Amino acid sequence: MIRSAYSLQAAEAEIPALSATPLDVVALLAQAHHPEAGAVVLFSGEVRNHNQGQDVDYLEYEAHEAMAEKMIAEIINDAHAKWPLKIAVAQHRTGKVAIGETAVIVITSSAHRHEAYEANQYIIHRIKHEATIWKCEYFTDGSKKWGGNCSCCPPAL
Amino acid sequence: MIRSAYSLQAAEAEIPALSATPLDVVALLAQAHHPEAGAVVLFSGEVRNHNQGQDVDYLEYEAHEAMAEKMIAEIINDAHAKWPLKIAVAQHRTGKVAIGETAVIVITSSAHRHEAYEANQYIIHRIKHEATIWKCEYFTDGSKKWGGNCSCCPPAL
Amino acid sequence: MKIQVFAVLKDHFDKEFELSRDIKDIASLKAYLSNQNTGAEGILQISRFAVHNEFVDLDYAIKPNDTICIFPPSSGG
Amino acid sequence: MKIQVFAVLKDHFDKEFELSRDIKDIASLKAYLSNQNTGAEGILQISRFAVHNEFVDLDYAIKPNDTICIFPPSSGG
Numbered sequence: 001m002i003r004s005a006y007s008l009q010a011a012e013a014e015i016p017a018l019s020a021t022p023l024d025v026v027a028l029l030a031q032a033h034h035p036e037a038g039a040v041v042l043f044s045g046e047v048r049n050h051n052q053g054q055d056v057d058y059l060e061y062e063a064h065e066a067m068a069e070k071m072i073a074e075i076i077n078d079a080h081a082k083w084p085l086k087i088a089v090a091q092h093r094t095g096k097v098a099i100g101e102t103a104v105i106v107i108t109s110s111a112h113r114h115e116a117y118e119a120n121q122y123i124i125h126r127i128k129h130e131a132t133i134w135k136c137e138y139f140t141d142g143s144k145k146w147g148g149n150c151s152c153c154p155p156a157l
Numbered sequence: 158m159i160r161s162a163y164s165l166q167a168a169e170a171e172i173p174a175l176s177a178t179p180l181d182v183v184a185l186l187a188q189a190h191h192p193e194a195g196a197v198v199l200f201s202g203e204v205r206n207h208n209q210g211q212d213v214d215y216l217e218y219e220a221h222e223a224m225a226e227k228m229i230a231e232i233i234n235d236a237h238a239k240w241p242l243k244i245a246v247a248q249h250r251t252g253k254v255a256i257g258e259t260a261v262i263v264i265t266s267s268a269h270r271h272e273a274y275e276a277n278q279y280i281i282h283r284i285k286h287e288a289t290i291w292k293c294e295y296f297t298d299g300s301k302k303w304g305g306n307c308s309c310c311p312p313a314l
Numbered sequence: 315m316k317i318q319v320f321a322v323l324k325d326h327f328d329k330e331f332e333l334s335r336d337i338k339d340i341a342s343l344k345a346y347l348s349n350q351n352t353g354a355e356g357i358l359q360i361s362r363f364a365v366h367n368e369f370v371d372l373d374y375a376i377k378p379n380d381t382i383c384i385f386p387p388s389s390g391g
Numbered sequence: 392m393k394i395q396v397f398a399v400l401k402d403h404f405d406k407e408f409e410l411s412r413d414i415k416d417i418a419s420l421k422a423y424l425s426n427q428n429t430g431a432e433g434i435l436q437i438s439r440f441a442v443h444n445e446f447v448d449l450d451y452a453i454k455p456n457d458t459i460c461i462f463p464p465s466s467g468g
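Chains as they are written, first to last, in the working numbering: chain A, 1 to 157; chain B, 158 to 314; chain C, 315 to 391; chain D, 392 to 468.
Just so you know, the hints here were simulated from the structure itself, not pulled from any lab data. Please note that the accuracy of each hint is not assured.
Covered stretches of chain B (in silico footprint by chain A; criterion: 3 or more residues with CB under 8 Å from a CB of chain A, positions within the stretch not fixed) [said to hold, decoys possible]:
id, segment
1, 234 to 247
2, 276 to 284
So the derived label-pair ranges between C-beta atoms look like this [stated by the list, open to error]:
id, chain 1, residue 1, chain 2, residue 2, range
3, B, 223, A, 82, 41 to 51 Å
4, D, 393, B, 255, 51 to 61 Å
5, D, 419, A, 21, 24 to 34 Å
6, B, 300, A, 60, 54 to 64 Å
7, A, 16, C, 381, 57 to 67 Å
8, D, 457, A, 60, 41 to 51 Å
9, A, 143, B, 223, 49 to 59 Å
10, D, 393, A, 24, 50 to 60 Å
11, B, 223, A, 52, 39 to 49 Å
12, D, 454, B, 239, 49 to 59 Å
13, A, 73, C, 372, 29 to 39 Å
Source: prediction; values computed, not measured. Just so it is clear, CB atoms sit at the ideal spot from N, CA and C, and this is done for glycine as well.
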């Protein structure tokens with residue numbers, strides 16, 4: 001799979017996989033334009049105000065940063081190998097994230113839309129399940145809960 | 158299916174289904190936030206610089222506007238009936254659209270991501286195939302071609 | 315009746331034209347137009363018809379003052 | 392060896408601690424820590440281990456100066 005210089009240089013190479021400050025969805029989306037891409041799919045994972053019946057105060061993401069960065073880069077590369085993508089980028093927050101803020105963004109673009117949707121879902125699924133990043137939910141009653149945020153998985157540890 | 162007042166009033170009700178001027182992706186995305194939605198999926202259909210080997214100069218979208226608006230509203234309503242969405246919005250350009258510009262945007266948000274992806278694909282698929290909107294591609298060699306833009310369908314008429 | 319055509323059908327017919335003939339329903343209109351313009355027959359076969367912003371079936375009984383819209387397959391997005 | 396634990400494992404162990412015992416591989420380390428802290432046994436069973444930013448298997452032979460990271464299942468996104 002040979003990727004064009006455009007996608008690597010203009011967008012992917014400059015975007016860090018982790019960010020301790022709020023994600024700039026607009027800037028990331030602006031970088032995901034490609035003249036050969038007819039379809040852009042953006043996923044934004046946002047902090048909800050409740051989860052499983054409890055009122056969420058805020059979230060905190062802990063990461064083993066070096067490994068998480070490497071794994072996200074690998075996941076992006078695997079997506080490029082599986083689908084003819086023009087661009088694939090992902091960025092995940094670390095630290096404290098407020099309600100309504102974006103915890104993770106994945107943007108994929110391709111000539112036709114099916115690949116962009118498929119690759120986008122693939123990337124977010126693998127980031128959630130494999131990257132060395134852990135969510136801790138802090139609830140308004142003062143309690144907290146680690147991990148198990150994913151609706152496709154068994155309850156939290 | 159009962160929808161919250163929030164989604165209807167804050168976002169969906171104000172967004173026209175058709176626009177003769179460039180789509181404001183950023184503004185639409187800003188409107189698609191919802192405190193109960195953990196997942197936001199945005200699809201942007203953009204004008205490519207080539208299609209089936211020909212260099213595209215620009216596109217032009219013709220619409221039967223009254224019927225297109227009604228049909229897009231129905232498609233959005235059907236999506237709400239099929240999935241537990243917090244927000245579903247769509248906007249389609251009319252008239253001349255330059256390369257790199259967005260021809261259509263669909264934004265869906267839900268508590269969990271699977272529904273947002275599914276509903277998003279459902280909405281764009283139906284808009285492309287059912288709404289009374291037609292694409293005409295104008296090529297750099299001066300030729301033009303109506304319709305048949307969709308990779309999932311037989312070639313243009 | 316008045317006829318409005320869209321998209322690629324404009325390459326075969328005027329965008330809007332009057333038809334003063336006695337054509338009873340959509341099926342007959344389709345046959346008549348296909349006969350008049352054989353190059354458009356294939357497209358007319360797969361087109362949809364609407365009156366007053368509502369799709370109508372082939373057996374819709376055309377009224378003299380109807381405006382009939384003829385839509386080739388959609389190609390938005 | 393030095394041990395670093397992450398996320399929910401911090402509720403059971405110090406975030407970082409030294410172990411001066413002779414533990415030959417990851418399997419033995421897992422057994423030792425589970426024994427020391429039975430409440431963490433379930434999590435340790437499904438955790439991954441890494442040395443020098445690379446995941447290691449249960450038969451990885453621990454060297455005296457290794458820093459071993461213990462990761463509960465990921466829960467990003």
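A quick look at each hint next to the structure:
1. 234 to 247: violated (count 0)
2. 276 to 284: It holds, with 3 qualifying residues against the three required.
3. 223(B) to 82(A): 41 to 51 Å: holds, 43 Å
4. 393(D) to 255(B): 51 to 61 Å: Holds, at about 58 Å.
5. 419(D) to 21(A): 24 to 34 Å: violated, 41 Å
6. 300(B) to 60(A): 54 to 64 Å: Holds, at about 58 Å.
7. 16(A) to 381(C): 57 to 67 Å: Given a distance of about 58 Å, which is inside 57 to 67 Å, the answer is holds.
8. 457(D) to 60(A): 41 to 51 Å: violated, 28 Å
9. 143(A) to 223(B): 49 to 59 Å: holds, 54 Å
10. 393(D) to 24(A): 50 to 60 Å: Check failed, 37 Å falls outside 50 to 60 Å.
11. 223(B) to 52(A): 39 to 49 Å: Hint holds: Cβ distance 45 Å, inside 39 to 49 Å.
12. 454(D) to 239(B): 49 to 59 Å: holds, 57 Å
13. 73(A) to 372(C): 29 to 39 Å: Check failed, 58 Å falls outside 29 to 39 Å.
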